[in-house]
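*Asks:* All chains should be modelled from the sequences, with the hints used to inform the complete structure.
Chains as they are written, first to last, in my numbering: chain A, 7 to 266; chain B, 12 to 441.
Worth flagging that the hints you see were computed from the coordinates, not collected in a lab. Each residue gets a CB set at the ideal place from its N, CA and C atoms; glycine is no exception. Please note that the accuracy of each hint is not assured.
Covered by chain A, per the in silico footprint, the following chain B stretches (three or more residues, Cβ under 8 Å) [stated by the list, open to error]:
(1) 337-347
(2) 401-408
Listing some non-contacts, in silico: residues in chain A with all C-beta distances to chain B over 12 Å [stated by the list, open to error]:
(3) I17
(4) N27
(5) R64
(6) S81
(7) T83
(8) A94
(9) Q106
(10) K107
(11) N109
(12) K132
(13) P195
(14) A197
(15) H219
(16) M221
(17) P252
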Amino acid sequence: MKTQQNKKEQIAPKVVARGVNVYYGEKQALFQVKLEVPHRRVTSLIGPSGCGKSTFLRCINRMNDVIAGCRVEGSITIDGLDVSSLDAVALRARIGMVFQKPNPFPKSIYENVAYGVRIHGLADTKDEMDAIVRRSLARAGLAREVSERLNDPAYSLSGGQQQRLCIARAIALQPELILMDEPCSSLDPIATARIENLIAELSRNYTILIVTHSMQQAARVSHRTVFFHLGRVIESGETTQVFTNPKRKQTERYITGRIG
Amino acid sequence: MKYSDISNRRVDQRLKRRQRAERRYRLYGQVAITLALLFLLMFFASIITRAVPAFYYHRVNLTLELSPKVFAGRQGEPLPRKITERQAKSLMEDAIALELGALAQRERLRRALIAPLAALELKQLLEKEAEVRHRLGDRLLLPFVLNSAGENCIRNACANSAEVDDFGLSEGQRQALSILHKRGLITRHFNLVFFTHSDSRSSESAGILGALLGSFWALLIAFLLAFPLGLFTAIHLQEFAPRNRLTYLIEVAIYNLAAVPSIVFGLLGLAIFLNWWHLPRSAPLVGGMVLALMTLPTIVVASRNALAAVAGGIRSAGLALGASRVQVVFHHVLPSAMPGILTGTIIGMAQALGETAPLLMIGMVAFIAQAPLSPLEPATALPVQIFIWADHPDPAFSSRSAAAILVMLVFLIVMNSLAVILRRSFERSG
Ligand SMILES: Nc1ncnc2c1ncn2[C@@H]1O[C@H](COP(=O)(O)OP(=O)(O)OP(=O)(O)O)[C@@H](O)[C@H]1O
Ligand SMILES: [Mg+2]
Numbered sequence: 007m008k009t010q011q012n013k014k015e016q017i018a019p020k021v022v023a024r025g026v027n028v029y030y031g032e033k034q035a036l037f038q039v040k041l042e043v044p045h046r047r048v049t050s051l052i053g054p055s056g057c058g059k060s061t062f063l064r065c066i067n068r069m070n071d072v073i074a075g076c077r078v079e080g081s082i083t084i085d086g087l088d089v090s091s092l093d094a095v096a097l098r099a100r101i102g103m104v105f106q107k108p109n110p111f112p113k114s115i116y117e118n119v120a121y122g123v124r125i126h127g128l129a130d131t132k133d134e135m136d137a138i139v140r141r142s143l144a145r146a147g148l149a150r151e152v153s154e155r156l157n158d159p160a161y162s163l164s165g166g167q168q169q170r171l172c173i174a175r176a177i178a179l180q181p182e183l184i185l186m187d188e189p190c191s192s193l194d195p196i197a198t199a200r201i202e203n204l205i206a207e208l209s210r211n212y213t214i215l216i217v218t219h220s221m222q223q224a225a226r227v228s229h230r231t232v233f234f235h236l237g238r239v240i241e242s243g244e245t246t247q248v249f250t251n252p253k254r255k256q257t258e259r260y261i262t263g264r265i266g
Numbered sequence: 012m013k014y015s016d017i018s019n020r021r022v023d024q025r026l027k028r029r030q031r032a033e034r035r036y037r038l039y040g041q042v043a044i045t046l047a048l049l050f051l052l053m054f055f056a057s058i059i060t061r062a063v064p065a066f067y068y069h070r071v072n073l074t075l076e077l078s079p080k081v082f083a084g085r086q087g088e089p090l091p092r093k094i095t096e097r098q099a100k101s102l103m104e105d106a107i108a109l110e111l112g113a114l115a116q117r118e119r120l121r122r123a124l125i126a127p128l129a130a131l132e133l134k135q136l137l138e139k140e141a142e143v144r145h146r147l148g149d150r151l152l153l154p155f156v157l158n159s160a161g162e163n164c165i166r167n168a169c170a171n172s173a174e175v176d177d178f179g180l181s182e183g184q185r186q187a188l189s190i191l192h193k194r195g196l197i198t199r200h201f202n203l204v205f206f207t208h209s210d211s212r213s214s215e216s217a218g219i220l221g222a223l224l225g226s227f228w229a230l231l232i233a234f235l236l237a238f239p240l241g242l243f244t245a246i247h248l249q250e251f252a253p254r255n256r257l258t259y260l261i262e263v264a265i266y267n268l269a270a271v272p273s274i275v276f277g278l279l280g281l282a283i284f285l286n287w288w289h290l291p292r293s294a295p296l297v298g299g300m301v302l303a304l305m306t307l308p309t310i311v312v313a314s315r316n317a318l319a320a321v322a323g324g325i326r327s328a329g330l331a332l333g334a335s336r337v338q339v340v341f342h343h344v345l346p347s348a349m350p351g352i353l354t355g356t357i358i359g360m361a362q363a364l365g366e367t368a369p370l371l372m373i374g375m376v377a378f379i380a381q382a383p384l385s386p387l388e389p390a391t392a393l394p395v396q397i398f399i400w401a402d403h404p405d406p407a408f409s410s411r412s413a414a415a416i417l418v419m420l421v422f423l424i425v426m427n428s429l430a431v432i433l434r435r436s437f438e439r440s441g
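*Replies:* Right under this line is the structure:
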């Protein structure tokens, strides 16, 4: 495992952020954020509430564009391409996002997964679409539970199932990068464990950036951890190093305060 | 004494006070509801008792001899194809004479008791059946509609003792009618005419068809104008418009528009649609346009609320998948908001159905005996018809006014129930 990770480290990072400042109106939420997200690894963002983790995630797929009064400075590149130079719609089609609260569309389970594929015209035939939907549900670990009820409304699923449906919906587009904003915060431990397994599974093919408030979760699922505080990146490094041997006092206080 | 004892006693005292207050407020609530229900009950009871007489009417069944004399023909010849109303009237007068014995003033009696409508009906009936069966000399038993004087007399059991009653029936005429009644020749019928005819000078042939159609056209126009306009205004304001001074101003203007008295919209319609654009007066088209202006704010406000109530997560989910803002709105937000939007629209339409004042301003308040077959023909509307009939001196008309109110209430209840059902199904599925 370790040697494999070290090998991956050699590949150019998927996302590189340099000098990112974000303002909501007058108020500055991120200060000179500098950060790299390695290819096909899980990176977790931790930090106290309001420190700008969600804000940073939204910078990557430019969801901040639709927030009135929000201004982003600095550069964020994906595979070397600056996100601000890309078309927002095309950019978001390449980046999956999973939110804190499961937010399926008020449509059938099938339609939820098919929607993104349909609007981007990625399936030509009904069969192709069926295949994509089934494959995505299978990857999200939901296939067995819903294969008989694809036409039921998505709201008839449990919270954990809905969250996995949202993951299936995101990976149906074969994104290069998946952003997850506290995906397990509204789920029970069993559903959480399933999603964590899923993340481990997905990290073989996808680059994942996950925000979490659970230190255990960050330690369990991620290869790298980034600690945010008051809008700044305080520390980033291998997860084991950050948790066992933090370089900064603030990181240590946060981690021990939470765990202990 | 321990602290906990003191605090317990205090809590007990407070609790008693609170329980008393609670009982008192519950009583206020019950009294208010009882009063409201009582008023509602009184309202319905009064409307229904006043409306009931409009739903039935009487006919007198007379044996009619198709006498050759009237048609200047011979016994056994077929009926002529064309019959004049004069001939129909003579036949009826003969029939009265046949029943009551030779009377000196049989024409006067016919006029006093039987509706003018009856002669027309008889003429049409005989013309239709002429070649089929009847020959001169045949006898037929046919019902004839009483006119309002006869109708009124029957309803009061011919009990008026005045020389000449309010409707101009003399003592003798009343007696004649009461004889017919005793012989069982007068029968009661359901008043279908009320639903199949339009307004008329005589109460027995006055109905609400014209007013219903007028209302239908006006509402259709109002819906076709106000729904898309209101919906797109709401979508733009809620989903796309930047939050700045201008949109704030527009918002305030729309909310204020909802509070403008409806007669002002009528004046606006008169000044712009009639006097400036020269659209046809009294037409449901113009009525609908005025009602559309009136319901527009209702629809905009309801639609905005419905859109705002859609969970924000759906929007971010769509955007994050790479849908454009327009796609997000039309694929996800609007379908979720639709039940709420339709509920608001139906409520707006129900308000428009009951609206009278603006229609008076644009001249939809004339005597119109012809049911409008298009929104360009002159027409009245249901509430206006109620208004016209309500202060008619003939009690037959005021009971029709009450009956029309009932019909309108039925429509309103149906529309509002539809809105409630929609909202319920929305709550269940959402
Ligand atoms: N839409 C917005 N408008 C104005 N300020 C915002 C907005 N979203 C976030 N902020 C501010 O930006 C700062 C960072 O918020 P952000 O949501 O990124 O924090 P977070 O780290 O995700 O917190 P949490 O862990 O509670 O989710 C906060 O101070 C917040 O008040
Ligand atoms: Mg957050």
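*Asks:* For every hint, state whether the structure bears it out.
*Replies:* How the hints compare with the structure:
1. 337-347: This one holds; 5 residues, not fewer than the three required, reach chain A with a Cβ under 8 Å.
2. 401-408: violated (count 0)
3. I17: holds (26 Å)
4. N27: Check passes; 23 Å lies beyond 12 Å.
5. R64: Non-interface label fails for R64/A: nearest chain B Cβ at 9 Å, not farther than 12 Å.
6. S81: holds (22 Å)
7. T83: Holds: least Cβ distance 19 Å, greater than 12 Å.
8. A94: violated (8 Å)
9. Q106: Non-interface label on Q106/A violated, nearest chain B Cβ at 9 Å vs cutoff 12 Å.
10. K107: Answer for K107/A: violated, closest chain B Cβ roughly 6 Å.
11. N109: violated (3 Å)
12. K132: holds (19 Å)
13. P195: Since the minimum Cβ distance to chain B is about 23 Å, P195/A lies beyond 12 Å and the statement holds.
14. A197: holds (18 Å)
15. H219: Given a closest Cβ separation of 19 Å, the condition holds.
16. M221: holds (26 Å)
17. P252: holds (32 Å)
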